[in-house]
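J.: Remember, our numbering sits 318 above the position in the sequence shown when you count from 1.
To be clear, the hints were calculated from the coordinates, so they are not data collected in a lab.
Virtual Cβ for every residue (Gly too), placed ideally from N, Cα, C.
Don't take each hint at face value.
[To be verified] Only pairs whose alpha carbons sit at most 16 angstroms apart, straight line, appear in this in silico EDC-like list of lysine to aspartate or glutamate:
no.: 1; residue 1: K667; residue 2: E655
no.: 2; residue 1: K487; residue 2: E454
no.: 3; residue 1: K391; residue 2: E748
no.: 4; residue 1: K880; residue 2: D958
no.: 5; residue 1: K498; residue 2: E962
no.: 6; residue 1: K432; residue 2: E454
no.: 7; residue 1: K799; residue 2: E748
no.: 8; residue 1: K880; residue 2: E813
no.: 9; residue 1: K1010; residue 2: D958
no.: 10; residue 1: K718; residue 2: E606
no.: 11; residue 1: K344; residue 2: D326
no.: 12; residue 1: K432; residue 2: D357
no.: 13; residue 1: K413; residue 2: D357
no.: 14; residue 1: K344; residue 2: D375
no.: 15; residue 1: K806; residue 2: E748
no.: 16; residue 1: K539; residue 2: E473
no.: 17; residue 1: K613; residue 2: D662
no.: 18; residue 1: K978; residue 2: E1120
no.: 19; residue 1: K650; residue 2: E888
no.: 20; residue 1: K978; residue 2: E962
no.: 21; residue 1: K1102; residue 2: E1130
no.: 22; residue 1: K1106; residue 2: D1003
no.: 23; residue 1: K1061; residue 2: D746
no.: 24; residue 1: K980; residue 2: E1120
no.: 25; residue 1: K1082; residue 2: D1100
no.: 26; residue 1: K539; residue 2: E454
no.: 27; residue 1: K539; residue 2: E606
no.: 28; residue 1: K677; residue 2: E653
no.: 29; residue 1: K457; residue 2: D475
[As the list claims (entries may be wrong)] Each pair of labels, with its calculated beta carbon distance range:
no.: 30; residue 1: L340; residue 2: S376; range: 20 to 28 angstroms
no.: 31; residue 1: Y730; residue 2: K1082; range: 31 to 39 angstroms
no.: 32; residue 1: Q986; residue 2: A322; range: 50 to 58 angstroms
no.: 33; residue 1: Y642; residue 2: P919; range: 15 to 23 angstroms
no.: 34; residue 1: E410; residue 2: G709; range: 53 to 61 angstroms
no.: 35; residue 1: G1118; residue 2: K891; range: 55 to 63 angstroms
no.: 36; residue 1: D763; residue 2: V719; range: 39 to 47 angstroms
no.: 37; residue 1: K1082; residue 2: K980; range: 36 to 44 angstroms
no.: 38; residue 1: N765; residue 2: G992; range: 55 to 63 angstroms
no.: 39; residue 1: K718; residue 2: P1048; range: 43 to 51 angstroms
no.: 40; residue 1: P621; residue 2: T591; range: 22 to 30 angstroms
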Amino acid sequence: MGLAVIDDVVHVVQRGEVSRLLDADKDGTADVIETVNDDWGVSGNYHEYAFGLPRDDSGHLYVSLNVAFTSPKWWLGSSSVPYRGWVLQIDENGKSVPFACGFRSPCGIGRNTKGDVFVTDNQGDWMPACPLFHVEEGKFYGHPAGLRWRKDFLEKDIIPSQTNPPHAKRTMPAVWLPYKWARSAGEMICDETNGNFGPFPGQMFVAELTNGNILRVQLEKIQGQYQGAVFMFRKQVGSAVRLAFAEDHSLIIGRTNRGWGGLNPGDGLASLTFNGKTPFEVATVHLEDDGFLLKFTQAIQKPAGDYQITPQIIEYDYNYWWEYGSPEVHKKPVEVESVQRSADGLQLKINALRLRPGKVVQVNLGEIKSVSKTPLRHGEFHYTINQLPSGHMVSDVVAKVVPPPAAKESPYEGWVYLNKINGGDRWDGEGWTAVKHTESELTLDSNDPSKIKVIESKKPDNKGADGQSSPISLLCQDPGKPHDLTCKISHGAIETWFDVFLPQGGSASVFFQGRYELLFADDEEEMGLQFGIVPNSTGKNGKKNSIDIYRGPGSWHVVNMKFHPPRFDETNKKFLSASFEDVTIDGTLLHESVELPACSPNAPNQEESGAQGGIVLRCNSKQAAFRRFSMRVLGAPADDENWEPIFNGTDIDDWRRSDKAKWRVENQTIIGSGETGHLFSPRDDYRNFEVKARVKINDQGNSGLYFRTTFGPGWPQGYEAQVNSTYHDPVKSGSLYNLDVIKAMFVEPGVWFDYYVRCVDTDKGVHIVIKLNNFVVVDFLDKKRINKSGHIALQQHHPGSEVQFRNIMIRELN
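Assemble the whole structure, with the sequences as input and the hints as a guide.
T.: The structure is reproduced here in structure tokens:
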């Protein structure tokens, strides 16, 4: 876990101690292991690692300690034994001092050239992204678990909450490492080679395990606090965790992969050597009150004609909460007032007057060239602004306390399934068919492997004849020409899962928002490297595969990826391109941070805009099949204003009941069971409104959310938003009953989902919108104006059904 050589004696960190290795008989092999210090606990939890061992000028060693993961939610850290979540200082006599706390998984610990101690931590609960901390005695760095062993908490016997923000002053990181570059940060090391490792003396290099990157960090002190810029340095070096400079000034990379999906190779050593050729890079970044002053390793070409220097700046911050990590939130462009190149071309001043503390800024320099016309190797950096150079010190922080996300009982919450039960519903296109896997399965034709064959399945159906136990494949059966299949459910930023199946010579594409392509091709000449590529976008090279993850025709491949649409300002000017945050196929990270500056050349939709769009599946040649297509919204904007509760959370005494259903309240939830019946809200005059609720229906249960409905026995007059996952009624959740019917099972039984209805009178009729988990599934205009106004009501359908409603809120509209 860490190593230091002190007076020719090797010291190592183990889970439970710092050990001294002695060679008593001088044969070159240690035969005595002595304990230097073991003043911390080990409960036996798998995650209780210990890291080290930097040594300061006074001879102190430093050890950083992981928290344990013992909660039902695996990512929530705890500190059941001292001093989990701390950095300890150990003197030459082996005596320890609890030095600082607030860490989660502080895998990297080291010093800068001035002797200050730094720690990297890993993204997770209370750590929105991977940070680089300057560690000072007595300070708290954000993760609450370790506070348990701080004096003021011990005296009052306080065990910090895993989900409520702690009442303790946080010290912000010197630098936040962008998630797209660093998911699992490791050790950092300073360049003290006097230029023998390139033109970055005194700067830090940081190892990263998951993506296999080495990052470069340049720090400066602003108003006495460290902050600075992070750059990409080298990609795909394997699962990098430890770093050390050798006597020949090469950087030795220690690699390991403990099962967290690190980039291969996942073990052994690598050597990174400077070839003596100075790269064209940003050497340093200095923050000024009115922007940035950049120094380069080579002179910049003077702008002229079509060649202009046009940097873009985007600011963002993070959520500080118990959820696992945080997206980059509150993204906003920062206006660049002007750019000045110095006379010698080695400096560039970027004037941006509206930089703010408590933000990270992403700076993209664009197509800058050197005087020798060499392109800039890395034109993007992220600068963490804790303070501005002048003015008062501020308390604004990058990771801001926000309301916690809604608690989840199941990992399936938030997802919408696009092809389960009648999986062709809400898809539109010729040449495709839906194949139920409870009745049939797909294979290659043994006589012609370029064709997909549908054969009768011998698998038992565990849940009856409705097809709910297995997914449905969307199969292109006409190999004669390309065919598009368009999903009628539009999307913005999403995470998506799906499986893809190709025959020999087959090729298929997925277009996100109908604009941005991910291509899957069985291409024997390319030896699998065409499977999962991002084709060229206008003016840019595409993103090709560096490794072959394709298992060949006739195999299902599992794809997981995150997509972000472009962003436009108030004047409809694009300030952020669309991107694939990552693309993982069969568990292997294939692409990351792929910018999509324009629509893909072959996309069905060629107009970029802020509007949403539907997924388009295209069979380019031969045949193709997709199954288990699912998606969930990423970073849905908060919408908490002007909502009023319909249900008070404690009782339903003022609600009206009809028929024989049994209604009760448990844990702020209305539960309906028993015979058929309805529960009507106290008010009966709702007309123009939005209503939302959290809903859960059991397997084979059936229910409804009624609106503009009238009180009375039997089936009341009114609109009904159906709640049904697996009951034999073909009308499923999200349907506007009798008006716009959904036959596909979009949400699982037994899983909470977000239900939203908007009902507004317009000149043309009653406009009704229904959303499931933030996706619009119904957009309907009732021209007959069937129902004028009325109650909000809940339905329980039949014996054996049980439905639950919570957080029922309404917002009335003009």
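J.: State for each hint whether it applies.
T.: Against the structure, the hints come out as follows:
1. K667 with E655: holds (11 angstroms)
2. K487 with E454: holds (14 angstroms)
3. K391 with E748: violated (44 angstroms)
4. K880 with D958: violated (26 angstroms)
5. K498 with E962: The hint is violated at about 39 angstroms.
6. K432 with E454: Cα-Cα ~14 angstroms, so holds.
7. K799 with E748: Given pair K799, E748 holds - Cα atoms ~11 angstroms apart, limit 16 angstroms.
8. K880 with E813: holds (4 angstroms)
9. K1010 with D958: It holds: about 11 angstroms lies between the C-alpha atoms, which stays within 16 angstroms.
10. K718 with E606: violated (24 angstroms)
11. K344 with D326: Holds, because 13 angstroms separates the two Cα atoms, which is no more than 16 angstroms.
12. K432 with D357: violated (28 angstroms)
13. K413 with D357: Measuring from Cα to Cα gives roughly 8 angstroms; hence the hint holds.
14. K344 with D375: violated (29 angstroms)
15. K806 with E748: Roughly 14 angstroms separates the two Cα atoms, so the pair holds.
16. K539 with E473: violated (36 angstroms)
17. K613 with D662: holds (11 angstroms)
18. K978 with E1120: holds (14 angstroms)
19. K650 with E888: Measuring from Cα to Cα gives roughly 11 angstroms; hence the hint holds.
20. K978 with E962: violated (29 angstroms)
21. K1102 with E1130: violated (22 angstroms)
22. K1106 with D1003: Judged against 16 angstroms, a Cα distance of about 9 angstroms means the pair holds.
23. K1061 with D746: Judged against 16 angstroms, a Cα distance of about 14 angstroms means the pair holds.
24. K980 with E1120: holds (10 angstroms)
25. K1082 with D1100: holds (8 angstroms)
26. K539 with E454: OK: K539 and E454 at ~15 angstroms, within 16 angstroms.
27. K539 with E606: At roughly 12 angstroms apart (the allowed maximum being 16 angstroms), E606 and K539 satisfy the hint.
28. K677 with E653: With Cα atoms ~15 angstroms apart, K677 and E653 stay inside 16 angstroms; holds.
29. K457 with D475: Outside the cut-off at roughly 20 angstroms; violated.
30. L340 with S376: 20 to 28 angstroms: holds (24 angstroms)
31. Y730 with K1082: 31 to 39 angstroms: holds (38 angstroms)
32. Q986 with A322: 50 to 58 angstroms: Given about 54 angstroms between the Cβ atoms, the range holds.
33. Y642 with P919: 15 to 23 angstroms: violated (37 angstroms)
34. E410 with G709: 53 to 61 angstroms: violated (43 angstroms)
35. G1118 with K891: 55 to 63 angstroms: holds (56 angstroms)
36. D763 with V719: 39 to 47 angstroms: Violated - the Cβ-Cβ distance for D763 and V719, about 59 angstroms, lies outside 39 to 47 angstroms.
37. K1082 with K980: 36 to 44 angstroms: holds (41 angstroms)
38. N765 with G992: 55 to 63 angstroms: holds (57 angstroms)
39. K718 with P1048: 43 to 51 angstroms: Since K718 and P1048 have Cβ atoms about 46 angstroms apart, the given range 43 to 51 angstroms holds.
40. P621 with T591: 22 to 30 angstroms: Between P621 and T591, where Cβ atoms are some 35 angstroms apart, the hint is violated.
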